[in-house]
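*Asks:* Chains A and B are the protein sequences, given in the same order.
Using my numbering, read the first sequence as starting at 1 and increasing by one per residue.
Using my numbering, read the second sequence as starting at 201 and increasing by one per residue.
It should be emphasised that the hints constitute simulated quantities derived from the structure, not laboratory data.
Because the structure is a prediction, the values reported are computed rather than measured.
Please note that the accuracy of each hint is not assured.
[What the hints assert, rightly or not] Interface residues of chain A toward chain B, partial, derived using beta-carbon atoms under 7 Å:
(1) L42
(2) R50
(3) I56
(4) T60
(5) D69
(6) P70
[As the list claims (entries may be wrong)] Which bits of chain B does chain A cover? Going by a derived footprint, with three or more residues having C-beta under 8 Å, they are:
(7) 213-221
(8) 239-252
(9) 291-305
(10) 352-362
[Said to hold, decoys possible] Facing chain A, from chain B, some residues (calculated, C-beta under 8 Å):
(11) E208
(12) L382
(13) L385
For every residue, glycine included, the Cβ atom is placed at its ideal position computed from N, Cα and C.
Protein chains: 2
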Amino acid sequence: MASVTGPEIERLIQLLARVPGLGPRSARRAALQLIKKREQLLGPLAEAMRVANERILTCTTCGNVDTSDPCTLCRDERRDPTTLVVVEDVADLWALERANATTGQYHVLGGVLSPLDGVGPKDLSLDRLIARVAEGEIREVILALNATVDGQTTAHYVTELLAPHGVKVSRLAHGVPVGGELDYLDEGTLAAAMRQRTAM
Amino acid sequence: MASVTGPEIERLIQLLARVPGLGPRSARRAALQLIKKREQLLGPLAEAMRVANERILTCTTCGNVDTSDPCTLCRDERRDPTTLVVVEDVADLWALERANATTGQYHVLGGVLSPLDGVGPKDLSLDRLIARVAEGEIREVILALNATVDGQTTAHYVTELLAPHGVKVSRLAHGVPVGGELDYLDEGTLAAAMRQRTAM
Numbered sequence: 001m002a003s004v005t006g007p008e009i010e011r012l013i014q015l016l017a018r019v020p021g022l023g024p025r026s027a028r029r030a031a032l033q034l035i036k037k038r039e040q041l042l043g044p045l046a047e048a049m050r051v052a053n054e055r056i057l058t059c060t061t062c063g064n065v066d067t068s069d070p071c072t073l074c075r076d077e078r079r080d081p082t083t084l085v086v087v088e089d090v091a092d093l094w095a096l097e098r099a100n101a102t103t104g105q106y107h108v109l110g111g112v113l114s115p116l117d118g119v120g121p122k123d124l125s126l127d128r129l130i131a132r133v134a135e136g137e138i139r140e141v142i143l144a145l146n147a148t149v150d151g152q153t154t155a156h157y158v159t160e161l162l163a164p165h166g167v168k169v170s171r172l173a174h175g176v177p178v179g180g181e182l183d184y185l186d187e188g189t190l191a192a193a194m195r196q197r198t199a200m
Numbered sequence: 201m202a203s204v205t206g207p208e209i210e211r212l213i214q215l216l217a218r219v220p221g222l223g224p225r226s227a228r229r230a231a232l233q234l235i236k237k238r239e240q241l242l243g244p245l246a247e248a249m250r251v252a253n254e255r256i257l258t259c260t261t262c263g264n265v266d267t268s269d270p271c272t273l274c275r276d277e278r279r280d281p282t283t284l285v286v287v288e289d290v291a292d293l294w295a296l297e298r299a300n301a302t303t304g305q306y307h308v309l310g311g312v313l314s315p316l317d318g319v320g321p322k323d324l325s326l327d328r329l330i331a332r333v334a335e336g337e338i339r340e341v342i343l344a345l346n347a348t349v350d351g352q353t354t355a356h357y358v359t360e361l362l363a364p365h366g367v368k369v370s371r372l373a374h375g376v377p378v379g380g381e382l383d384y385l386d387e388g389t390l391a392a393a394m395r396q397r398t399a400m
């Protein structure tokens, strides 16, 4: 369509449309709402983005995204230093924290092995993982990787890498999602849930 | 959940969660993507928001949002000066432009009459509408208001206001949405579409 507004606002809409969760249409709606709420939303958000952009760091210990290094989690002394939870990316780390799933430390691999996408061991934070385990304090490494082919391939690869270090290595359970209905589950999940059934 | 990241990033997430179309969960995902694409997305978006926030104006002629006044549409000499399309808000104006629905000028009321929400005639841009019509060039006013009770009440009110000025006043047609299935349509729309049927 021809331009209905100034180039500065069109540019804002175009950039908003590239934010995950927004598309071209919701970007227009979002832009109008932001403009309506200039004082409370547009101004503060512009400033928050500028500040975040200036201060973002990747934690050199675990790979989390933060504005300090070591990150908030790695500096938290209440966390269990004997358990290390390995995740694919920061989103997974945040998801596990949202679920209060563990009090362990984290390690972000930065991806999973994927020959098709040209991702090999060198592209993942594996040396750093081995170095952390070699320090000797970690007793269990939990592989919290996606239950996809690439995720599981990576889990097996990491398990072999860790074998000489004498730590316990585990992975997340497969099973029926809490609140899930059997009827809608795929056969693989159902079979896994049956095999790994637990006593009442 | 306890904080997993620095306060600057948490603030970014909180503000993103208030953008229409994003919720708390997609705000986290959006923030991580923005951070991943700092150079291409986070930085430019921060800057675009800052610039937009600084330069936004409301067109004193039609009420459109722009960075110039008169706005891009009001300055466009190819538009028909004899047709005035009245809309509730800027989002509706943009939607009509997206559809290439008219080449007329626009007038944004800034709301619709709504006694329940305490919106009366004084709260709408009605004086300005009458002034524009009184200038004499406009021959048809098209009321492109929502087909809701408040929208239709407002349409009738505006029609009466305009009666002394001798302009043609029309409203959008009711009917079956293009691509719509009769089966899923409400009875009111179906009945209206039948009454307003057109010859093949």
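*Asks:* Double-check P70 of chain A for me: the hint is only fine if its C-beta lies closer than 7 Å to a C-beta in chain B.
*Replies:* Hint violated; P70 of chain A Cβ to chain B Cβ min 11 Å, cut 7 Å.
*Asks:* Hey, does the L382 of chain B contact hint survive, CB to chain A under 8 Å?
*Replies:* Violated. Min distance 25 Å.
*Asks:* Would you settle whether the hint for L42 of chain A is holds or violated, based on the nearest Cβ-Cβ distance to chain B being less than 7 Å?
*Replies:* Given a least distance of 5 Å, the restraint on L42 of chain A holds.
*Asks:* Holds or violated: L385 of chain B as interface residue toward chain A, Cβ cutoff 8 Å?
*Replies:* Where the cut-off is 8 Å and the nearest Cβ of chain A is about 22 Å from L385 of chain B, the hint is violated.
*Asks:* Next item in the hint list is I56 of chain A. Is there a CB on chain B closer than 7 Å to its CB?
*Replies:* holds, 6 Å
*Asks:* So, as I understand it, the hint says D69 of chain A touches chain B; can you test that by seeing if any CB pair is closer than 7 Å?
*Replies:* violated, 10 Å
*Asks:* If you look at each residue in the stretch 213-221 of chain B, do at least three have a Cβ nearer than 8 Å to any Cβ of chain A?
*Replies:* holds (count 6)
*Asks:* For the stretch 291-305 of chain B, do three or more residues have a beta carbon lying closer than 8 Å to a beta carbon of chain A?
*Replies:* holds (count 6)
*Asks:* Mind checking, does the stretch 352-362 of chain B have 3 or more residues with a CB under 8 Å from chain A?
*Replies:* Violated, because only 0 residues of the stretch 352-362 of chain B bring their Cβ atoms closer than 8 Å to Cβ atoms of chain A.
*Asks:* Would you settle whether the hint for T60 of chain A is holds or violated, based on the nearest Cβ-Cβ distance to chain B being less than 7 Å?
*Replies:* violated, 15 Å
*Asks:* So is the stretch 239-252 of chain B in contact with chain A by the C-beta rule, three or more residues under 8 Å, or is the coverage claim wrong?
*Replies:* It holds: at least three residues are needed, and the stretch 239-252 of chain B offers 12 whose Cβ sits within less than 8 Å of chain A.
*Asks:* Identify whether the interface hint at R50 of chain A stands, where standing means a beta carbon of chain B within less than 7 Å of its own.
*Replies:* holds, 4 Å
Against the hints set out earlier in the document, violations occur for numbers 4, 5, 6, 10, 12, 13.
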